[in-house]
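**Student:** Okay, here's what each chain looks like letter by letter:
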Amino acid sequence: MNARGIALLVTLCALVWGSAAFLGLDASGVFTLEALLAFGAYLAAFFPPDASGPFLAKLWIGTLETLAISAIATLLAAVSGMAVALPAAGRFGALARHAARLALNALRSIPELVFAAIMVIAAGLGPFAGTLALALHTTGVLGRLFAEALENTPREPAEALLHAGSPRVAAFFYGTLPGVLPQCIAYALYRWEINIRMAAVLGFVGAGGLGQMLHVSLSLFHQQQASAVIAAMLAVVIVVDEASALVRRRMGA
Amino acid sequence: MRLSLARDPAALPRLALALVAVAALWPGLRLTEFDPAVLLDPANAGPMGRFLAQFLPPAVTPEFLWLVGKSTLETLAIANVGIAAAFAVAFPLSLLTTRCLSLSSIGPARNWRRFAALRYPARLLLVLLRGIPELVWALLFVRAVGLGATAGVIALAITYGGMLGKVYAEIYESSATRPAGALMEAGAGRLQAFFYGVLPQALPEMVSYTVYRWECAVRASVIMGFVGAGGLGQQLELSMRMLNGAEACTILLTFLVLVLLADAASALFRRWLA
Numbered sequence: 001m002n003a004r005g006i007a008l009l010v011t012l013c014a015l016v017w018g019s020a021a022f023l024g025l026d027a028s029g030v031f032t033l034e035a036l037l038a039f040g041a042y043l044a045a046f047f048p049p050d051a052s053g054p055f056l057a058k059l060w061i062g063t064l065e066t067l068a069i070s071a072i073a074t075l076l077a078a079v080s081g082m083a084v085a086l087p088a089a090g091r092f093g094a095l096a097r098h099a100a101r102l103a104l105n106a107l108r109s110i111p112e113l114v115f116a117a118i119m120v121i122a123a124g125l126g127p128f129a130g131t132l133a134l135a136l137h138t139t140g141v142l143g144r145l146f147a148e149a150l151e152n153t154p155r156e157p158a159e160a161l162l163h164a165g166s167p168r169v170a171a172f173f174y175g176t177l178p179g180v181l182p183q184c185i186a187y188a189l190y191r192w193e194i195n196i197r198m199a200a201v202l203g204f205v206g207a208g209g210l211g212q213m214l215h216v217s218l219s220l221f222h223q224q225q226a227s228a229v230i231a232a233m234l235a236v237v238i239v240v241d242e243a244s245a246l247v248r249r250r251m252g253a
Numbered sequence: 001m002r003l004s005l006a007r008d009p010a011a012l013p014r015l016a017l018a019l020v021a022v023a024a025l026w027p028g029l030r031l032t033e034f035d036p037a038v039l040l041d042p043a044n045a046g047p048m049g050r051f052l053a054q055f056l057p058p059a060v061t062p063e064f065l066w067l068v069g070k071s072t073l074e075t076l077a078i079a080n081v082g083i084a085a086a087f088a089v090a091f092p093l094s095l096l097t098t099r100c101l102s103l104s105s106i107g108p109a110r111n112w113r114r115f116a117a118l119r120y121p122a123r124l125l126l127v128l129l130r131g132i133p134e135l136v137w138a139l140l141f142v143r144a145v146g147l148g149a150t151a152g153v154i155a156l157a158i159t160y161g162g163m164l165g166k167v168y169a170e171i172y173e174s175s176a177t178r179p180a181g182a183l184m185e186a187g188a189g190r191l192q193a194f195f196y197g198v199l200p201q202a203l204p205e206m207v208s209y210t211v212y213r214w215e216c217a218v219r220a221s222v223i224m225g226f227v228g229a230g231g232l233g234q235q236l237e238l239s240m241r242m243l244n245g246a247e248a249c250t251i252l253l254t255f256l257v258l259v260l261l262a263d264a265a266s267a268l269f270r271r272w273l274a
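If you're matching them up, the sequences are chains A and B in order.
Those letters in the first sequence? Residues 1 to 253, by the working numbering.
Those letters in the second sequence? Residues 1 to 274, by the working numbering.
These are computed hints drawn from the structure, not numbers from a lab.
Note that beta-carbon positions come from the ideal geometry of N, C-alpha and C, so glycine has one too.
There may be inaccurate statements among the hints.
[Unchecked claim] Here are the computed distance ranges between Cβ atoms for each label pair:
| no. | chain 1 | residue 1 | chain 2 | residue 2 | range |
| --- | --- | --- | --- | --- | --- |
| 1 | B | L199 | A | A186 | 47 to 57 Å |
| 2 | B | R14 | A | N152 | 35 to 45 Å |
| 3 | A | G5 | B | L73 | 26 to 36 Å |
| 4 | A | L12 | B | A53 | 40 to 50 Å |
| 5 | B | P57 | A | A45 | 45 to 55 Å |
| 6 | B | G46 | A | N152 | 43 to 53 Å |
| 7 | B | F91 | A | G18 | 43 to 53 Å |
[Stated by the list, open to error] Anything over 10 Å on all C-beta distances counts as not near chain B; from chain A, calculated:
| no. | residue |
| --- | --- |
| 8 | V10 |
| 9 | S19 |
| 10 | P49 |
| 11 | A99 |
| 12 | L145 |
| 13 | E148 |
| 14 | A149 |
| 15 | Y174 |
| 16 | I185 |
| 17 | R248 |
[Claimed, not checked] Pulled a few chain B residues facing chain A out of the computed Cβ check, cut under 10 Å:
| no. | residue |
| --- | --- |
| 18 | L15 |
| 19 | P27 |
| 20 | L31 |
| 21 | D35 |
| 22 | A43 |
| 23 | F51 |
| 24 | A53 |
| 25 | L125 |
| 26 | L128 |
| 27 | I132 |
| 28 | V136 |
| 29 | T150 |
| 30 | G230 |
| 31 | E237 |
Using the sequences and the hints, build the whole thing.
**Tutor:** Quick look at the structure:
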């Protein structure tokens, strides 16, 4: 190991130590016998997960709700993302381009959970707030990706249609859109995958789905129901992971 | 608009497909209680309008800025300690799960069954750690250890430990396996083979990925604050709960600047290492 590496390592260690000191973390407080026993008792209350019939039915509804939130939000975001991507790709002049880019950047950099907390104020508790929150953040992400796709697609087909006398809207639908659509759909599906995972936790601020069930059952100290909800979340994440890997392998091969 | 359905031979199938898609989405709209009209309901629009109207001007009283500054440092500190703890979780697990140190890859080994039997539980543990989102861990640990930074650090250590562990193992496996194999064939122990045969090649990529994860951890630690795990997020949650738009605006702007700076710092660091 050279001198630069050692200096780096020392700096990093100092940084972590300083951070821990600033937070007032005390590892010895966490690892005492009493603390560990109390924590063990806390964990034990989560088992066995509640697998009674009525609760499983509620869990199934919550899972469907989570899937619906993510699907509707992604669809909304794909439509509105395309609507903002057109000016962002410079199709309506430089001023509209800058304004659209600024809007997309703002939407993209505010996390879903913050939007969800705001939307709960605007739309009340429930899955609709979660849908709007996810849609807003995803519009920022997809809008930027769509704008890049629009900029990179060849202009000739649309120009040929325009020269042949076609209206601008028809030239877009028959000359530009077919070229970018496959890429846009791929982006939207990729975001949907991420949104399913996000929709599962957005409920912590009251925005519906499995997250809200978990928050409620933890708040009521129904730990066994909480662990069942966590198991459902884990199942959703693993199924989505495997499904998307399968689809990718099929499409790639 | 005369797009003239008659001249587009695919128009009818496309229309039919669109109708089928809408029909398929109908249950989804019902499940999400989709109803834009609630946004205009005075019971919602009133508080929301007041909240947004307060955004300008942002709150800039010295006491509040001091509080925001302290929370920002706390968020950064949570990310730093969280990533360090995640590394401590991930590194041993990545050694246990990687296939490239497998003795049976160089020939019949005496007790390979014992090591192979260890590999699968370790792999399952990694899946469990990273499969549950950090926000869920944070929510659980806030209830176990109380409000504050500790819950955030533990949540990061668990989820990011799982992610780093998986990616480290993949990095070892994607680097050339010959040096480690040669060392083990010459009689080196597995740890020796790792430190002299695998680590030198894998290190740059590992560092780069860890720095990227640090950047994600900064963002995550802000978000985890929403469930009470300390830092900027906890302040934001408080301001929002009190519908104080001016404070929320200041914190949001701070958050945006923090994320931009973390982005820049991580890019700079990675370029400096390369």
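**Student:** Next, verify each hint and record whether it holds.
**Tutor:** Outcome of the hint check:
Our hint of 47 to 57 Å for B/L199 and A/A186 is violated, since their Cβ atoms are close to 36 Å apart. Checking the proposed 35 to 45 Å range against B/R14 and A/N152 shows it is violated: the Cβ atoms sit about 25 Å from each other. The hinted window of 26 to 36 Å between A/G5 and B/L73 holds, with their beta carbons roughly 28 Å apart. One distance hint, 40 to 50 Å for the beta-carbon pair A/L12 and B/A53, holds here, with the actual separation near 45 Å.
About 48 Å separates the C-beta atoms of B/P57 and A/A45, a value consistent with the hinted range of 45 to 55 Å. A C-beta distance of roughly 45 Å is found between B/G46 and A/N152, which places it inside the suggested range of 43 to 53 Å. Between B/F91 and A/G18 the CB atoms are about 22 Å apart, so this pair departs from the stated range of 43 to 53 Å. Listed as a non-interface residue, A/V10 keeps its Cβ farther than 10 Å from every Cβ of chain B; the least gap is roughly 14 Å.
Listed as a non-interface residue, A/S19 fails to keep its Cβ farther than 10 Å from every Cβ of chain B; the least gap is roughly 4 Å. For A/P49, the shortest C-beta to C-beta distance to chain B comes to about 13 Å, beyond the 10 Å cut-off, and the non-interface label holds. With a minimum CB-CB distance of about 18 Å to chain B, A/A99 clears the 10 Å threshold, and the non-interface call stands. Non-interface call for A/L145 relative to chain B: holds, since the shortest CB-CB distance, roughly 18 Å, exceeds 10 Å.
A/E148, annotated as away from the interface, keeps every beta carbon of chain B farther than 10 Å; the closest lies near 18 Å. For A/A149, the shortest C-beta to C-beta distance to chain B comes to about 20 Å, beyond the 10 Å cut-off, and the non-interface label holds. Not every Cβ of chain B is farther than 10 Å from the Cβ of A/Y174; the closest lies at roughly 8 Å, contradicting the non-interface assignment. Here A/I185 stays apart from chain B, with its beta-carbon at least about 12 Å from theirs, past the 10 Å limit.
Non-interface call for A/R248 relative to chain B: holds, since the shortest CB-CB distance, roughly 16 Å, exceeds 10 Å. Because the closest C-beta pair between B/L15 and chain A is about 13 Å apart, greater than 10 Å, the hint is violated. With a cut of 10 Å, the hint placing B/P27 at the interface with chain A holds, because the nearest CB-to-CB distance is about 7 Å. Taking 10 Å as the C-beta contact cut-off toward chain A, the hint placing B/L31 at the interface holds, the least distance being around 4 Å.
About 6 Å separates the beta-carbon of B/D35 from the nearest beta-carbon of chain A, less than 10 Å, and the hint is met. About 8 Å separates the beta-carbon of B/A43 from the nearest beta-carbon of chain A, less than 10 Å, and the hint is met. With its C-beta approaching chain A no nearer than about 6 Å, B/F51 sits inside the 10 Å limit, and its interface hint holds. For the restraint placing B/A53 at the interface with chain A, the shortest Cβ-Cβ distance is roughly 13 Å, beyond the 10 Å limit, so the hint is violated.
The closest approach between the C-beta of B/L125 and any C-beta of chain A is roughly 13 Å, which is over the 10 Å cut-off, so the hint fails. At its closest, the beta carbon of B/L128 sits 7 Å from a beta carbon of chain A; the interface hint therefore holds under the 10 Å criterion. About 6 Å separates the beta-carbon of B/I132 from the nearest beta-carbon of chain A, less than 10 Å, and the hint is met. Using the Cβ-Cβ criterion of 10 Å, the hint placing B/V136 at the interface with chain A is satisfied: the shortest such distance is roughly 6 Å.
For the restraint placing B/T150 at the interface with chain A, the shortest Cβ-Cβ distance is roughly 6 Å, inside the 10 Å limit, so the hint holds. Because the closest C-beta pair between B/G230 and chain A is about 8 Å apart, less than 10 Å, the hint holds. A least Cβ separation of about 7 Å between B/E237 and chain A falls short of the 10 Å threshold, and the interface hint therefore holds.
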